[in-house]
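Colleague: Top to bottom, those sequences are chains A and B.
When the letters of the first sequence are read in order and numbered with our numbering, they come out as residues 285 to 503.
When the letters of the second sequence are read in order and numbered with our numbering, they come out as residues 285 to 503.
The hints are simulated quantities; they were obtained by calculation from the structure and are not laboratory data.
There may be inaccurate statements among the hints.
Stated by the list, open to error - Pair ranges (Cβ atoms, derived):
no., chain 1, residue 1, chain 2, residue 2, range
1, B, Gly478, A, Gly349, 30 to 40 Å
2, A, Asp320, B, His344, 20 to 30 Å
3, A, Lys326, B, Asp457, 52 to 62 Å
4, A, Asp463, B, Lys310, 58 to 68 Å
Stated by the list, open to error - So, partial list: chain A residues that the calculated Cβ filter (under 8 Å) puts toward chain B:
no., residue
5, Leu346
6, Gln397
7, Asp435
8, Glu439
Stated by the list, open to error - Just so you have them, the derived chain A footprint on chain B, three or more residues with Cβ under 8 Å:
no., stretch
9, 381 to 387
10, 390 to 401
11, 426 to 440
Everything numeric in this text was worked out from a predicted model, so none of it was measured.
Note that beta-carbon positions come from the ideal geometry of N, C-alpha and C, so glycine has one too.
Protein chains: 2
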Amino acid sequence: MNKEKAVVVFSGGQDSTTCLFWAKKKFKEVIAVSFDYNQKHKFELECAKDICKKYNVEHHILDLGLLNQLAPNSLTRVDIEVDKETPKDSLPNSFVDGRNMLFLTFVGVFAKQRGINNIITGVSQSDFSGYPDCRDVFIKSLNVTLNLAMDYQFEIHTPLMWINKAQTWELADELEVLDIIKNETLTCYNGIIGDGCGECPACKLRMNGYIEYMKSKEK
Amino acid sequence: MNKEKAVVVFSGGQDSTTCLFWAKKKFKEVIAVSFDYNQKHKFELECAKDICKKYNVEHHILDLGLLNQLAPNSLTRVDIEVDKETPKDSLPNSFVDGRNMLFLTFVGVFAKQRGINNIITGVSQSDFSGYPDCRDVFIKSLNVTLNLAMDYQFEIHTPLMWINKAQTWELADELEVLDIIKNETLTCYNGIIGDGCGECPACKLRMNGYIEYMKSKEK
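Just chain A, same shape as in the assembly (with noise of 0.2 Å):
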């Protein structure tokens, strides 16, 4: 078990940037692996791209083109409009289905070729909105299934998993990066960076956790 290197699914959004640099104080050596599955933003991975470059973490970008092409939907085809608000009886139309389990097998088979471990994923069953592939079950579910298709343990971090985005924004100030993700990561559906178009269900959920930090804070 390698306890020094660890890999980070990583998009360049508030969520896994800041567990890029939780995963930078834990492990020796951190690499980040971005998809491209032709998001309707490429700046998205333009975003992760800087990132890495400007805090020197090796990145690879995989191409999952193949995903889009099983699953369209609102966040890879630009013909449907992302729905506002999250609705009541069913799932947000920003949904892949199956895009977080595909991520994380295709970033096992990567880790396993380097001998690494460790994989952390930013996903969090407080904040879900309904994604079923964010729920710790699944995460949990997903690792026994990794270990034996691969016949190999890989060990699954979820630093988010039990804390909302005011909790997020805490453990970026903790991790002294709160300025960083503020500013230079992007969350936003409409692709802008930092604080985003203020008005997507993306931007809400991100802008909300932070003023919620900042009162907290100045308590």
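Starting from the structure of chain A, add chain B where the hints point.
Modeller: Then chain B, alone, in the frame of chain A:
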């Protein structure tokens, strides 16, 4: 739960073709899905195409070239020779890490898009040759993980899980497709249809099973 339709993970080899005909007996509508991961022998995909065309099965080929980039090995790279015998202490070098996990996950995404619950794969623990992702425990774990990932009810069928090659020939005979399997499928690592090169481990396993079944039938 849709009991009329199924998707078969289909390579055009003995095992998955037997499963295809098994599925055609059991389900009203069967769709075959193959993967293009730059196999050394493109003829494998041609063979899969021909079988589907001839026996009137809807067929999709999904591009998984990424797998080859991640896990280079003897089945996909021209510069590595396939082991003549399975190494005693390690995996055969034809092993692509995570292959079945990725195949089944993509097929899961595909199936859900079409409202299909049943997935059929020809993996077998009896003949697993050291491939961890052919074991029953892996398939069961994957089934749970897939269901959790997509919040959907998949049922993975493995008609060959506990039977050996001779019994797979017997199953083909029961399904009245023995000659089709013998003459029109491709299992050989060297890309030769039907009885194959006769020298690679896949050909030996296949032919030994055939001889064993034919002897048992004479009795």
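Colleague: All hints are to be evaluated individually against the structure, with a verdict given for each.
Modeller: Outcome of the hint check:
Range check, Gly478(B) to Gly349(A): Cβ separation about 35 Å, and the 30 to 40 Å hint holds. Range check, Asp320(A) to His344(B): Cβ separation about 22 Å, and the 20 to 30 Å hint holds. Look at Lys326(A) against Asp457(B): about 54 Å separates their beta carbons, and that is inside 52 to 62 Å. Range check, Asp463(A) to Lys310(B): about 60 Å between beta-carbon atoms, so the 58 to 68 Å window is met.
At a threshold of 8 Å, the smallest CB-CB gap from Leu346(A) to chain B is about 6 Å, leaving the interface hint in force. Look at Gln397(A): its Cβ gets to within about 6 Å of chain B, closer than 8 Å, so that hint holds up. With 8 Å as the threshold, the beta carbon of Asp435(A) comes within range of chain B, its nearest partner Cβ sitting at about 4 Å, so the hint holds. Look at Glu439(A): its Cβ only gets to about 16 Å from chain B, farther than 8 Å, so that hint breaks.
Only residues whose C-beta sits within less than 8 Å of a C-beta in chain A count toward coverage, and the stretch 381 to 387 of chain B has 5 of them, enough to reach three; the restraint holds. Using a Cβ-Cβ cut-off of 8 Å, 6 residues of the stretch 390 to 401 of chain B lie near chain A, which meets the minimum of three, so the contact claim holds. Note: the stretch 426 to 440 of chain B has 8 residues with beta-carbon separation from chain A under 8 Å; the three-residue rule is met and the coverage holds.
In terms of the numbered hints stated before, the structure departs from hint 8 and from no other.
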